[in-house]
Amino acid sequence: MCHSALLWAAALLTLGCAARSGWERTEARACRPADPPRICVRGEPDRALVVRAGGTALVPGECASSPRRRGGPLRVTAEDGRTGATDSRWLRTRRGATTRITATPAAKPKVIARDRCTGQVETNRPEE
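In this note's numbering, the protein residues as written are 1 to 128.
Hints listed in this document are in silico derivations from the structure and should not be mistaken for laboratory results.
Just so you know, even glycine gets a beta-carbon here, dropped at the ideal spot from N, CA and C.
Do not rely on the hints blindly, as some may be mistaken.
What follows is a set of in silico ranges between Cβ atoms, one per label pair, in the way DEER data are often shown [as the list claims (entries may be wrong)]: (1) Gly84 / Arg32: 19 to 29 Å; (2) Ala34 / Arg92: 10 to 20 Å; (3) Gly84 / Thr118: 35 to 45 Å; (4) Arg114 / Gly61: 11 to 21 Å.
Full structure from sequences and hints, please.
If you want it as structure tokens, here you go:
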């Protein structure tokens with residue numbers, strides 16, 4: 001009886017998370033409300049930053065999209081190429097939204113914006 005309760009709890013925890021692998025880089029400049037979660041990396045000019053999330057590595061200016069429509073917590077790791085500092089944290093992603101991230105000087109991943117997808121092309125988007 002106790003084991004089945006533990007299995008149910010583990011299954012519920014797994015269902016509540018964003019995809020942990022299979023994220024792919026995307027060049028899309030527009031997304032719709034029903035689209036999977038996206039993350040985009042914004043970095044300071046000339047900053048050597050690598051962000052790893054969902055099984056892919058991104059550099060400033062790149063975006064990735066989840067293979068599943070469901071959002072949820074996603075483990076994000078940032079590494080500063082100049083200092084060698086590395087840190088990670090869980091960030092919440094949402095279906096139909098783009099989570100824009102950067103990293104602190106100590107390489108701690110930080111959310112700078114969460115934009116809802118509207119289907120409109122992002123023309124006034126600052127350089128990621």
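**OP:** Mind listing which of the numbered hints don't hold for this structure, in increasing order?
**Re:** 1
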